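*Asks:* One-letter residues, chain by chain:
2 protein chains.
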Amino acid sequence: MRGMEIKTYCRELADRAQVAGRAMARTAGVARAAALREVAQRLQEDSAAIIAANAKDLQTGRDAGLSAAMLDRLKLDEKRIGSMADSVRQIADQPDPVGEVIHGCIRPNGLRLQKVRVPIGVVLIIYESRPNVTSDAAALCVKSGNAAILRGGKEAAHSNAAIAACVRGGLQDAGLNPDAVQVVEVADRAVVGELLKLEGKIDLAIPRGGESLIRAVVEQAHIPVIKHYAGNCHVYVDSWADDEMALNICVNAKTQRPGVCNAAETFLFHRDAAQRGLLRRVCDELAKRKVEVRGDAETCRLFPGAKPATEQDWVTEYLDLIVAVKVVGGVDEAIEHVNRYGSKHTDAIVTRDFAAAERFTAEVDSANVFVNCSTRFSDGGEYGLGAEIGISTDKLHARGPMGAADLTTYKWVAYGNGQLRS
Amino acid sequence: MRGMEIKTYCRELADRAQVAGRAMARTAGVARAAALREVAQRLQEDSAAIIAANAKDLQTGRDAGLSAAMLDRLKLDEKRIGSMADSVRQIADQPDPVGEVIHGCIRPNGLRLQKVRVPIGVVLIIYESRPNVTSDAAALCVKSGNAAILRGGKEAAHSNAAIAACVRGGLQDAGLNPDAVQVVEVADRAVVGELLKLEGKIDLAIPRGGESLIRAVVEQAHIPVIKHYAGNCHVYVDSWADDEMALNICVNAKTQRPGVCNAAETFLFHRDAAQRGLLRRVCDELAKRKVEVRGDAETCRLFPGAKPATEQDWVTEYLDLIVAVKVVGGVDEAIEHVNRYGSKHTDAIVTRDFAAAERFTAEVDSANVFVNCSTRFSDGGEYGLGAEIGISTDKLHARGPMGAADLTTYKWVAYGNGQLRS
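One line per chain: the protein sequences are A and B, in this order.
When you read off a place in the first sequence, starting at 1, and then add 10, the result is the number in this note's numbering.
When you read off a place in the second sequence, starting at 1, and then add 10, the result is the number in this note's numbering.
In short, the hints are calculated from the structure, not lab data.
Hints may be right or wrong, so weigh each one.
Unchecked claim - Beta-carbon label-pair distances, calculated as ranges:
1) A/69 - B/22: 57 to 63 Å
2) B/295 - A/185: 43 to 49 Å
3) A/199 - B/331: 46 to 52 Å
4) A/195 - B/113: 35 to 41 Å
5) A/331 - B/29: 35 to 41 Å
6) B/368 - A/203: 25 to 31 Å
7) A/185 - B/40: 33 to 39 Å
8) A/185 - B/325: 31 to 37 Å
9) B/82 - A/394: 53 to 59 Å
10) B/232 - A/120: 43 to 49 Å
11) A/270 - B/232: 26 to 32 Å
12) B/120 - A/363: 16 to 22 Å
13) A/69 - B/325: 51 to 57 Å
14) A/33 - B/325: 20 to 26 Å
Said to hold, decoys possible - Cross-link-like lysine-lysine pairs, in silico, DSS-like; alpha carbons within 30 Å at most:
15) B/207 - A/237
16) A/207 - B/211
17) B/211 - A/237
18) A/125 - B/125
19) A/85 - A/66
20) B/237 - A/125
21) A/237 - B/237
Computed from a predicted structure; not experimentally measured.
By construction, the Cβ of each residue, glycine as well, lies at the ideal position given by its N, Cα and C atoms.
Let the sequences and hints guide you as you build the complete structure.
*Replies:* Written out as structure tokens, the structure is:
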């Protein structure tokens, strides 16, 4: 496609989305939920076709030398398609966010004022290999009365097209405009740049993927972007931590699924906890599980298996079996470290000390701040939001895991009987 | 100041703001409210000093040939300072937005999850001539536990410095960090550009002023900006409008204060309403009040005093005694016109028809949609928000008039007893 063709393609895509978005905004919540149940059923009924399409992507991926991990993320089977359908059904079952009166009052002049939740309009989602994002993102956009433009990775093109066919078919069956969910079918990267410039036609972009993808989107965008940068998550083990609990939380936060954003990357130990043998015990357990420990000088003394950490280690999101460990003087130093080196994603304290828990939750400036549990819980599903459209490390509009309600805005509606301003 | 000095100046300003912002986030609501009452008292006690400082600005303004309207906006007297102090007291009296639990539940695994309102951090406000913005913006930022960096117009430099001295004095008296409110004292425009680049130090920029100021801020900013573009507001007079009410609303919306963003710029008349003489009656009344009418062909036939409108008139925010008038076939065409040409600010319908009111409020995609009242009511004060930090025509984070709560974000706090993810 040449430049002009890409421009036209994008504009037409966005125009169709805008028309569909306006229609979606007028639909009843029950109609959107019914459409999603149709979508879920189609996903299961058409699973053979989805698996066949996925097989093509997998073959292309193998030919292109994708890693085993990448191929695993790409792969769909009956079970994974079943979870995708379940997720769509869960989203369908949630309360309708549209039309909620967030605030309402009668003003002294008799004006009846209401702040009413409404869809944002047209949402562009840009993501990488996992094809389940196609059904999750589509379902969340439909649930919230928006139109979605989905731009998945080219390595999942056939899978995404097959999933999108189920989604659009489900919308159509339920009498909704199928253009409420459109998949970008042109692989050319210029399409993304062009879509990101369509201020006034596309209301929001949500990139899901690695930091380089997100930075590229932010740099090109003329439309608002909700970002998810790094997940450099911390666990601070306080002097008053329960040793057993601290051990379990550290191991779970680091090793239960190390490749995801809410896995822990740095452990901070209160000096007392470190010196009573807890640091050693945790590091021994991690080493058993093939985790490489990179520690400050004190950690290296207490756990000789540690490699010395550099300044770079405190800011690194390893997404791997590596952890940075540091000994701190107390909750003040822990808070200071987290706010300085962290990524404002998810940070946890393990303590029995009420005052330390209060300080940590109040003063750590992160989207998710936990007491006595694994960092792995910062997740839309775990928060009861159904599937998540992403996790925001921004502070504006939405912070942390984002569900359907985060794809809404509001309008102020006032009902009067001839009020004039004097 | 040279480039390096400006960079250093801005960085130090932002660093002080960040320290103050962290301290503010830890303060009790009562302490912030008490500080604001001190500020209000100082504004009144120091009114002579403020008026003296303002006299210098007025003199400089007259020497520079500022228009009478500009000089009027700049001018402070006892009465205006009294209103500024009242406004600060009203903000002090509002409920504390910080710490509000927006949502809370216990998850099936026993995690006690809460979504808690917290300050955004450091807010940069860039504004033009009116010095009352200095106390309003400072008070809203203090109320919401943020640190403010205020950059007013250079024509109000002495006035703003005198007002800021009261604010900082009040903070200090109440035991809060005075750096929670800092005024940029360097007139060089490069300072704004530099501040807008301080991602990670400044969390939000709010420009208040004309469209060119706002576009310039958006173009330079690496930090989030909440925008307020044009206020091209409409009144649609339906066939079922009460004639008397329609007349009064049109006159009020256009003439009560034509230079502000929520004044009406276009009237749409249902053909039936136009043909029964209502268009003529409204236009006659406007003409009496020196309003120039620019109409479509039908309007020009019904009101011979009208000049023919061009396509440009439908998109223009006159901010003046000019109005564009068009005859439409019904509520559909009215909605279509507003969504096509409007600026998503404030649009009103005058009707007794319930269904038309429902359609208009549901389908007009604007921040404020009114039934049977003047567009002039879209205002933080009128909505009960106290003074407003601005009116957002964006859809994300905040829409319409913004009060103290709109200067907050939230964090997710989870309290557990050792929960692990499996």
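*Asks:* Failing hints, ascending?
*Replies:* 6 and 7
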